[in-house]
Amino acid sequence: MSQTRSSDLHQLAGSEIEAALRQVFPVFLAVFPFGMVYGAIALGDGLTLLEAMGFSATVFAGASQLAALQLIGIGAPVWTVLLTVFALNFRHILYSASIGRHLTRFSPAAKAAAFFLLVDPIFGAAEARAAERPLTKRYYFTYGMALYICWLASTLIGALFGSLIEEPEAFGLDFVLPVYFLALVMTFRSRRTFWPVAGTSAIVSIAVTYVIGPPWHVTLGALAGIAVAAAMKPPERGETHSTEKEA
Amino acid sequence: MSEFWIIVVLAGLLTYVTRFGGYILISRIGRLPPRLEAALDAVPAAVLTTIFAPVLITGDWPERIALVICGLLALRLPLIVTVAVGATGVALTRALIG
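First to last, the protein sequences are chains H and R.
The first sequence runs contiguously to residue 339 in the numbering used here.
The second sequence runs contiguously to residue 466 in the numbering used here.
The hints are simulated quantities; they were obtained by calculation from the structure and are not laboratory data.
Glycine is no exception: its CB is placed at the ideal position from the N, C-alpha and C atoms.
You may find that some hints are simply not true.
So the derived label-pair ranges between C-beta atoms look like this [as the list claims (entries may be wrong)]:
no. : chain 1 : residue 1 : chain 2 : residue 2 : range
1   : R       : Gly398    : H       : Leu113    : 34 to 40 Å
2   : H       : Leu142    : R       : Ile397    : 40 to 46 Å
3   : R       : Arg444    : H       : Pro226    : 48 to 54 Å
4   : R       : Arg444    : H       : Lys325    : 47 to 53 Å
5   : H       : Pro169    : R       : Ser395    : 48 to 54 Å
6   : H       : Ala201    : R       : Val449    : 17 to 23 Å
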């Protein structure tokens, strides 16, 4: 009996890993060229291989790494570089506030590791997963470590060989992440506040992109959408996640 | 230690703080009021939308059109299919219009 049970467990564990790998795969297509571009630029800016890799290993956030390189290149003071990194990564505070509620099966040490890996794609994927079933360590760390290794490997390859793909645009690779996040966002459309929130965030982020420019469109657009959700009439107890499709 | 490594360490620490800071704030509150709960439930839609929506003005025409079409496709198709259709569509359109 214990044998069947352990084989059942194996199957469950296997399906968690399989689901994570299946869902992280399209993200590779976008992250790998991005990491190669970062690696190539880093070496071009005079960083050593170790420095380029060290930056990817500790920060693990491509946009802020590239912005930091640019600022270091023009001789900006350290505090400006750090402020930019913080502004670009501010959205993660919102991520950890939300996903933290779903890490109930994680020990404190596992939580500490999980938060280190909390980047845009895994946040979206883990939230979507948690809306359907309990979020397991196996799913989260398979997805997260796969992405982390992909980021380090692509940095290394970009640093050693330059960005092998001369024009990622020709293959539509620059469009993979926007469309990935679009498709991911649509999986939340049955949530009670979805359309007002997504609509507000879309309009405000576009307006801020137009008027002020990045990176502020993320923080301001997100806060506007969240404010709408907070301002709407709260649901009666027990119907936070309404199941009716509003689409 | 060179200035670059100081930046590596501090930027890494700052980024890590943002990645657990929200959790620390929330867990200090204890039982969450309904409006805060609703605000947190809105985080995925609110933040992830800001990552792709500006493509409507910063992207080229193939991207803008593909974004609208993929928004509709995502109502029916699995995620990976929507991504594949979107990226392929953009690549082909760019190749055609040069």
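Results of checking the hints against the structure:
1. Gly398/R - Leu113/H: 34 to 40 Å: Once the Cβ atoms are compared, 37 Å apart, the range 34 to 40 Å for Leu113/H and Gly398/R holds.
2. Leu142/H - Ile397/R: 40 to 46 Å: The hint (40 to 46 Å, Cβ to Cβ) holds, given that Leu142/H and Ile397/R are roughly 42 Å apart.
3. Arg444/R - Pro226/H: 48 to 54 Å: violated (27 Å)
4. Arg444/R - Lys325/H: 47 to 53 Å: violated (31 Å)
5. Pro169/H - Ser395/R: 48 to 54 Å: violated (35 Å)
6. Ala201/H - Val449/R: 17 to 23 Å: For Val449/R against Ala201/H, whose Cβ atoms are near 37 Å apart, the range 17 to 23 Å is violated.
Hint check: violations occur at hints 3, 4, 5, 6; the rest are consistent with the structure.
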